[in-house]
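**Student:** Listed in order, the protein sequences are those of chains F and P.
Note that the working numbering has the first sequence beginning at 191, numbered continuously upward.
Note that the working numbering has the second sequence beginning at 7, numbered continuously upward.
It is worth saying that the hints were derived from the structure and are not from the lab.
Backbone N, C-alpha and C fix where the C-beta goes; we use that ideal spot for every residue, glycine too.
One or more of the hints may lead you astray.
Here are the computed distance ranges between Cβ atoms for each label pair [said to hold, decoys possible]:
no., chain 1, residue 1, chain 2, residue 2, range
1, P, G169, F, E430, 37 to 43 Å
2, P, A440, F, R331, 45 to 51 Å
3, P, A583, F, V194, 45 to 51 Å
4, P, S496, F, A518, 38 to 44 Å
5, F, E379, P, R92, 55 to 61 Å
6, F, V194, P, G169, 27 to 33 Å
7, F, G258, P, G169, 22 to 28 Å
8, F, L412, P, V310, 43 to 49 Å
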Amino acid sequence: MAGVRYALSRVGSGLLVLVAVAFVTYAVFYLLPSDPAQLSCGRPCTPEALERARGFMGFDEPWWQQFGHFLTGVVTGRTFGSGATAVQCAAPCFGYSFQESAPVASLIVDRLPVTLSLAVGAAVLWAVAGVALGVLAALKRGTAWDHLTSAVSVVGVSAPVYLLGLLGILLLGFTLDVVPVSGYVPLSESPLDWAWHLVLPWVVLAFINGAVYVRLTRGQMLEVLGEDYVRTARAKGLPERTVVGKHALRNVTLPLVTLFGLDLGGLLGGAVITERVFGMPGVGSLLLDAVGNLDLPLLLGTTLFAAFAVVAANVVVDLVYGVLDPRARLT
Amino acid sequence: MTSSPAPADPLLQLQDADVVFGAGPGAVHAVRGVSFSVGAGEVLAVVGESGSGKTVTAMSLLGLLPASARVGGRALLRGQDLYALRGEDLRAVRGAQVAMVFQEPMSALNPVLTIGDQLAEAVRAHARVPRAAARARALQLLGEVRLPDPAGKLRAHPHELSGGQLQRVVIAMALAGGPALLVADEPTTALDVTVQAEVLALLRDLVGRTGASVLLITHDMGVVADLADRVVVMREGRVVETGTVTAVLRSPREEYTRQLLAAVPALPVPVPGAVPAGEDGPVRRGAQVAARTDPARSSVPDEVPAGADVALAVRGLHVRFGGRLGTRAVHAVAGVDLHVARGEVLGLVGESGSGKSTLAGCVSGLVRRTAGTVEVAGQDPEGLRGARLRELRGRVGVVFQDPASTLDPRATVADSVAEPLLLHSRLRGGALRAEVERLLEAVALPGGYGERFPHELSGGQRQRVAIARAVALGPDLLVADEPTSALDVSVQARVLELLGELRERFGFACLFITHDLAVVSRVAERVAVMHRGRVVEQGPAGDVLARPLHPYTQRLVAAAPVADPDAQRERRAAWRALAS
Numbered sequence: 191m192a193g194v195r196y197a198l199s200r201v202g203s204g205l206l207v208l209v210a211v212a213f214v215t216y217a218v219f220y221l222l223p224s225d226p227a228q229l230s231c232g233r234p235c236t237p238e239a240l241e242r243a244r245g246f247m248g249f250d251e252p253w254w255q256q257f258g259h260f261l262t263g264v265v266t267g268r269t270f271g272s273g274a275t276a277v278q279c280a281a282p283c284f285g286y287s288f289q290e291s292a293p294v295a296s297l298i299v300d301r302l303p304v305t306l307s308l309a310v311g312a313a314v315l316w317a318v319a320g321v322a323l324g325v326l327a328a329l330k331r332g333t334a335w336d337h338l339t340s341a342v343s344v345v346g347v348s349a350p351v352y353l354l355g356l357l358g359i360l361l362l363g364f365t366l367d368v369v370p371v372s373g374y375v376p377l378s379e380s381p382l383d384w385a386w387h388l389v390l391p392w393v394v395l396a397f398i399n400g401a402v403y404v405r406l407t408r409g410q411m412l413e414v415l416g417e418d419y420v421r422t423a424r425a426k427g428l429p430e431r432t433v434v435g436k437h438a439l440r441n442v443t444l445p446l447v448t449l450f451g452l453d454l455g456g457l458l459g460g461a462v463i464t465e466r467v468f469g470m471p472g473v474g475s476l477l478l479d480a481v482g483n484l485d486l487p488l489l490l491g492t493t494l495f496a497a498f499a500v501v502a503a504n505v506v507v508d509l510v511y512g513v514l515d516p517r518a519r520l521t
Numbered sequence: 007m008t009s010s011p012a013p014a015d016p017l018l019q020l021q022d023a024d025v026v027f028g029a030g031p032g033a034v035h036a037v038r039g040v041s042f043s044v045g046a047g048e049v050l051a052v053v054g055e056s057g058s059g060k061t062v063t064a065m066s067l068l069g070l071l072p073a074s075a076r077v078g079g080r081a082l083l084r085g086q087d088l089y090a091l092r093g094e095d096l097r098a099v100r101g102a103q104v105a106m107v108f109q110e111p112m113s114a115l116n117p118v119l120t121i122g123d124q125l126a127e128a129v130r131a132h133a134r135v136p137r138a139a140a141r142a143r144a145l146q147l148l149g150e151v152r153l154p155d156p157a158g159k160l161r162a163h164p165h166e167l168s169g170g171q172l173q174r175v176v177i178a179m180a181l182a183g184g185p186a187l188l189v190a191d192e193p194t195t196a197l198d199v200t201v202q203a204e205v206l207a208l209l210r211d212l213v214g215r216t217g218a219s220v221l222l223i224t225h226d227m228g229v230v231a232d233l234a235d236r237v238v239v240m241r242e243g244r245v246v247e248t249g250t251v252t253a254v255l256r257s258p259r260e261e262y263t264r265q266l267l268a269a270v271p272a273l274p275v276p277v278p279g280a281v282p283a284g285e286d287g288p289v290r291r292g293a294q295v296a297a298r299t300d301p302a303r304s305s306v307p308d309e310v311p312a313g314a315d316v317a318l319a320v321r322g323l324h325v326r327f328g329g330r331l332g333t334r335a336v337h338a339v340a341g342v343d344l345h346v347a348r349g350e351v352l353g354l355v356g357e358s359g360s361g362k363s364t365l366a367g368c369v370s371g372l373v374r375r376t377a378g379t380v381e382v383a384g385q386d387p388e389g390l391r392g393a394r395l396r397e398l399r400g401r402v403g404v405v406f407q408d409p410a411s412t413l414d415p416r417a418t419v420a421d422s423v424a425e426p427l428l429l430h431s432r433l434r435g436g437a438l439r440a441e442v443e444r445l446l447e448a449v450a451l452p453g454g455y456g457e458r459f460p461h462e463l464s465g466g467q468r469q470r471v472a473i474a475r476a477v478a479l480g481p482d483l484l485v486a487d488e489p490t491s492a493l494d495v496s497v498q499a500r501v502l503e504l505l506g507e508l509r510e511r512f513g514f515a516c517l518f519i520t521h522d523l524a525v526v527s528r529v530a531e532r533v534a535v536m537h538r539g540r541v542v543e544q545g546p547a548g549d550v551l552a553r554p555l556h557p558y559t560q561r562l563v564a565a566a567p568v569a570d571p572d573a574q575r576e577r578r579a580a581w582r583a584l585a586s
């Protein structure tokens with residue numbers, strides 16, 4: 191009962207945050223000194239044609255009314271214009287890109303598999319490797335292994351993604367020629383090629399994001415190993431692997447779950463730089479295109495999607511946290 | 007040294023145990039050649055203050071000391087040297103032959119695993135049994151430690167249980183492997199006195215039923231008298247005295263043992279049924295007033311003697327926490343009246359959750375009240391603002407329980423003591439330094455102590471700094487919230503003595519909050535007993551402690567163990583009669 195209430199309150203507050211983010215995004219983009227109608231009005235652009243384009247796109251209304259239409263469009267869908275030239279945007283409609291002649295939602299959904307493959311694959315890699323290396327460093331505290339892990343993770347924490355990405359492309363792609371350096375192959379086409387093309391971006395992303403996990407895991411593990419309940423676990427005769435793997439590790443992962451959710455959520459919203467470096471047509475490069483073309487509806491849609499990814503990841507983190515730490519359900 | 011009646015058939019023989027932490031000049035020699043033995047079915051108590059090496063000795067038996075510890079000597083369990091065991095051999099002993107009960111039940115259990123998980127795991131650590139069978143055994147163990155609703159508790163997480171319940175779980179866990187020796191490290195120190203009595207009764211009962219030997223580590227002579235057959239007194243890593251419980255407690259040979267014994271309260275056995283039934287209103291006997299119902303439905307009235315000069319008056323005080331958005335409200339203080347006359351010490355006694363610290367918070371202005379009034383020297387701090395409020399705050403000094411966390415670790419002792427003077431007085435420069443010096447001398451920390459940092463001081467010295475800071479402005483009222491419960495008994499005695507001297511010198515009144523009846527009998531002129539947010543009894547300290555009227559006060563007094571095995575047996579029976 192308490193668990194259900196906890197879950198509902200988390201999901202509810204997540205939805206509220208999304209509406210607030212949508213509102214702020216709308217307000218900010220409305221202030222941009224650009225007129226989407228101007229871009230699609232054609233040449234020569236007579237004032238009448240411009241006005242027609244504005245009316246067609248819905249840009250002739252005050253911005254807060256536009257926001258209202260946007261919100262209702264999410265639920266009911268929207269129709270731009272009327273008669274033979276009308277453009278349909280089915281629910282859930284997150285806007286319509288007049289430059290791409292497609293609903294924003296479908297544009298994002300088209301690009302999503304790329305970003306999803308990139309982000310989830312890298313996240314799994316860095317979480318597993320980061321925690322494992324961190325635990326090892328803690329258990330072998332003060333040894334050469336510990337110092338080596340520390341040194342390497344400092345590089346990971348401080349190096350920018352484009353530097354490591356380009357270095358990786360140069361070394362593994364061109365000099366050694368072992369992995370492909372760019373492009374994306376859909377999973378449905380060839381799972382092997384899919385993975386093969388993703389290896390380099392996965393490793394680079396995991397190295398950069400995972401370094402923090404190594405350091406955090408090490409510190410947490412050292413702290414937890416000094417806790418009374420670890421001593422109790424040892425005193426009752428449990429093997430050391432159970433003491434570390436069950437009693438200590440569950441408590442070590444608690445703060446990591448929060449961090450992981452934020453990192454993964456951020457990446458799902460589009461790994462802008464990584465996608466550009468490795469030539470991946472994901473949500474991040476869609477966002478870059480939208481900026482380049484001043485495609486306002488698309489820019490709004492991708493920004494909102496990025497916010498959604500972070501908020502959703504946070505809700506999931508809160509729910510998982512409630513499962514992992516029974517004390518969290520109290521609040 | 008001492009001739010001790012060593013058991014004929016020892017289960018555990020500790021021979022010249024020696025533990026050193028670290029190496030080189032910074033090495034700490036924690037245990038220095040300790041020898042004793044525990045007979046089969048015997049309860050051996052190891053008594054000592056912090057730093058005596060008693061806990062280190064206990065931990066060494068199961069190889070639970072940190073890696074920096076070097077252990078010498080032998081610990082023979084049925085002829086097998088525990089100190090020589092490593093890896094899998096050591097694991098086979100842990101929990102199965104020697105099991106441990108720890109001091110802090112709140113932190114001894116893993117917060118993210120259920121009670122059932124942790125118990126079943128202990129069962130399966132040494133026996134190849136299926137999960138379901140381990141679960142059934144866990145349920146049975148919870149029944150054996152007499153935990154209410156054992157099936158429900160199996161699914162619960164540690165934070166859902168009280169401290170006493172958790173300690174029962176820890177004991178059940180220790181019993182899971184059917185050990186021959188139970189090492190209990192301060193098993194009741196973290197518990198309230200009435201809960202302590204219950205857990206001690208449980209331990210005594212289990213020892214009788216299972217025939218296990220117990221190595222009891224404690225600082226409390228009352229606990230020793232209650233449970234032990236023989237006693238080993240330790241100090242600074244060495245054995246001071248060994249003997250049967252009667253011999254050591256009745257006729258200690260060593261001065262140090264006598265000192266430890268002096269700290270235990272000498273309390274009479276309360277007579278149950280002292281409350282005449284039938285009438286309405288509170289029960290009175292002289293200046294002593296008690297509530298008639300148990301639990302009390304309202305606090306006893308507080309009568310201020312005519313013409314008394316009152317330093318603190320609390321009237322109809324209520325404090326309620328939470329209660330919004332479907333959370334459960336906690337009525338921490340439910341209508342309390344009390345006063346402290348000028349220059350008087352009122353002892354406020356109660357167990358955890360009784361509301362005594364919340365009340366102290368209201369008096370020092372740190373907790374907002376829901377209703378009622380608090381007047382310090384005739385003024386209510388809640389109605390004051392700005393300079394008037396600051397002025398009034400200067401008239402209340404506060405000393406908290408843990409001196410290690412109430413002093414700024416980056417400030418020197420002199421800076422800490424000077425801070426209230428800088429805020430409230432015009433003293434600066436040389437005059438300020440002289441005043442700080444004078445205050446530090448008053449708490450017996452002269453000379454160079456001002457330049458030291460808190461971590462360079464002992465616990466008792468730190469608390470003396472905190473006291474110097476609290477009395478720096480010459481307050482009308484000193485609020486002392488468990489000021490000595492983090493200290494060793496001998497240190498506690500010195501701090502209490504110092505408080506008495508300072509009171510004579512500065513003439514402040516004192517609201518002294520404690521759970522310890524020995525302390526309250528030593529310092530307080532009057533006593534108020536709190537239970538569930540209400541004052542159930544108040545009156546002159548001697549009367550309330552010697553002839554308690556209210557059933558809760560009687561239980562509290564009877565539950566405090568005394569340092570005499572025969573007297574303690576009598577009290578145990580009285581407590582059992584009162585508690586049932």
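**Student:** Confirm or reject each hint.
**Tutor:** Going down the list of hints, with the structure as the test:
no. : hint                        : result
1   : P:G169 / F:E430: 37 to 43 Å : 29 Å, violated
2   : P:A440 / F:R331: 45 to 51 Å : 50 Å, holds
3   : P:A583 / F:V194: 45 to 51 Å : 46 Å, holds
4   : P:S496 / F:A518: 38 to 44 Å : 43 Å, holds
5   : F:E379 / P:R92: 55 to 61 Å  : 56 Å, holds
6   : F:V194 / P:G169: 27 to 33 Å : 29 Å, holds
7   : F:G258 / P:G169: 22 to 28 Å : 56 Å, violated
8   : F:L412 / P:V310: 43 to 49 Å : 57 Å, violated
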